[in-house]
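Number of protein chains: 2
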Amino acid sequence: MRLDSGAGSRDSKHAAQVYRELVNEIPKATVVRLPRYLRLLEDLALSKDVVSSEELAAAAGANAANVRRDLSHLDFHGVRGIGYSVAELKARIRQELGIAERQRVAILGAGNLGRALANYGGLSRRGFDVVALYDTDVRKIGSKVGSITIQDLDLLDGDCTSKSFEIAILAVPAVAAQQVADRLVEHGIRSILNFAPVRVNVPEKVSVRQVDLSMELQVLSYYGSRL
Amino acid sequence: MRLDSGAGSRDSKHAAQVYRELVNEIPKATVVRLPRYLRLLEDLALSKDVVSSEELAAAAGANAANVRRDLSHLDFHGVRGIGYSVAELKARIRQELGIAERQRVAILGAGNLGRALANYGGLSRRGFDVVALYDTDVRKIGSKVGSITIQDLDLLDGDCTSKSFEIAILAVPAVAAQQVADRLVEHGIRSILNFAPVRVNVPEKVSVRQVDLSMELQVLSYYGSRL
DNA sequence: TAGATTGTTAATCGATTAACAATC
DNA sequence: TAGATTGTTAATCGATTAACAATC
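Sequence lines, in order, name chains A and B. Taking our numbering, I'd label the letters of the first sequence as residues 2 to 228. Taking our numbering, I'd label the letters of the second sequence as residues 2 to 228.
For the record, the hints were derived by calculation from the structure and aren't laboratory data. A few of these clues could be false.
For identical chains, the list gives no copy identity; a pair is met inside one copy or between any two copies.
The calculated SDA-like cross-link candidates involving lysine to any residue, where the alpha carbons are at most 25 Å apart (straight line), are [as the list claims (entries may be wrong)]:
{"id": "1", "residue 1": "Lys206", "residue 2": "Leu228"}
{"id": "2", "residue 1": "Lys206", "residue 2": "Ser148"}
{"id": "3", "residue 1": "Lys49", "residue 2": "Leu154"}
{"id": "4", "residue 1": "Lys206", "residue 2": "Gly62"}
{"id": "5", "residue 1": "Lys91", "residue 2": "Met216"}
{"id": "6", "residue 1": "Lys91", "residue 2": "Val176"}
{"id": "7", "residue 1": "Lys29", "residue 2": "Leu228"}
{"id": "8", "residue 1": "Lys29", "residue 2": "Arg70"}
{"id": "9", "residue 1": "Lys49", "residue 2": "Asn202"}
{"id": "10", "residue 1": "Lys206", "residue 2": "Gln179"}
{"id": "11", "residue 1": "Lys91", "residue 2": "Ala66"}
{"id": "12", "residue 1": "Lys206", "residue 2": "Asp138"}
{"id": "13", "residue 1": "Lys29", "residue 2": "Arg200"}
{"id": "14", "residue 1": "Lys145", "residue 2": "Val132"}
{"id": "15", "residue 1": "Lys49", "residue 2": "Asn120"}
None of these values were measured; they are calculated from a predicted model.
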């Protein structure tokens, strides 16, 4: 099937772009802005019924036209002259992000960072429940962080059904990261947030986002040093 | 001055692109890849003298042509048929990132996250020294985290010269973030890494990067839910 | 030389945005 | 109606990459 030169194609659109629209794929840049819109909508939910693309843009550090295009990718429509329904847009973005229901998160590694993350109340507030905290250190296993008991990482393998979770946060030392990631993948996990300062290799079906403190500081340093 | 139609311009280049080359600006996408190259180079420093664009690309999750173009933005040249000098490229990237010398970092907020960051050895290994840790809680002030004594945030204002730092890490509660950011800006800081789950407004001359756990999880959820 | 790898071009891709008709 | 704001087009921008001549 040829996708270009069809009735709906225009010279200003690339063939690949037309294809992505056909299969209803949302641009990556849009996906990363959705949580920013959502945050404003949650703040606004009690005070306003309607929000404009201008306000959403200010909250996300984007352009109003950009916002309108983003929302049109969701097939979400506002009212001309009025704006967008706060409640409806909030629900629509939650649905699109796959967080209409609460998500279960496991934290791997109960070091300083793992414990800090387990204690962080902001997760629950945004719909993420930390349901497990794993470590390999026998001195830590059994002790509690908040209401969560640290468990032996070896339990992971048998835990598939009883303690299932959708998302894993990797907070282990760099040397252990790949090994633990492999076990998570075996366990069927498809989303990993990696705080370890190494890239982990995973099958294509698994998505990983890495948060690397040193690299963030290095990028900051670049911009700080030339002003 | 017109920038297009000049002797050096070609139809395949946009006028804005030509301008950025004239003033020697490095593309943002390149800047964020430099730390990834640097990490590989540090790992390689003891074992290899030369590295290829192919290897650098694999480490950074980029394309080899992309790497070669990135390095040409640094005016850094390799040797055809051979590759790039590991030691020279490492030094060149450090210089470009403004981290030829060690950088001093202050952490604002000695809660779970602030203390976890202060304890994180990876920072020092990458050339960042945590020189101060501030909080407002009188029960925390004076106690130590590792070798650093928690100080009263009010000292920040008098501290300009004696305890100066180039980079600040914001690890305070959301409600305090803007206020503390304002004080940092007054203090003359130009680089802020913000872990608080709110955008902070700063003058244009200050750069901020935000790390927001919930938003990262929401983006992950999107990709995890459609596979 | 033959093989390897750079440096650069040209094309395409993906994202942004000004502008404005549509319309509440 | 007049004012406000959406939805969409068209242009441009910024980034990526295949391909290949240059050259070690």
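Comparing the hints with the structure gives:
no., hint, in the structure
1, Lys206 x Leu228, "between (42 Å within a copy, 6 Å between copies)"
2, Lys206 x Ser148, "neither (32 Å within a copy, 43 Å between copies)"
3, Lys49 x Leu154, "neither (46 Å within a copy, 36 Å between copies)"
4, Lys206 x Gly62, "between (31 Å within a copy, 16 Å between copies)"
5, Lys91 x Met216, "between (33 Å within a copy, 15 Å between copies)"
6, Lys91 x Val176, "between (40 Å within a copy, 23 Å between copies)"
7, Lys29 x Leu228, "between (30 Å within a copy, 15 Å between copies)"
8, Lys29 x Arg70, "both (13 Å within a copy, 23 Å between copies)"
9, Lys49 x Asn202, "between (45 Å within a copy, 23 Å between copies)"
10, Lys206 x Gln179, "within (16 Å within a copy, 39 Å between copies)"
11, Lys91 x Ala66, "within (19 Å within a copy, 41 Å between copies)"
12, Lys206 x Asp138, "neither (31 Å within a copy, 46 Å between copies)"
13, Lys29 x Arg200, "both (20 Å within a copy, 21 Å between copies)"
14, Lys145 x Val132, "within (13 Å within a copy, 31 Å between copies)"
15, Lys49 x Asn120, "neither (32 Å within a copy, 43 Å between copies)"
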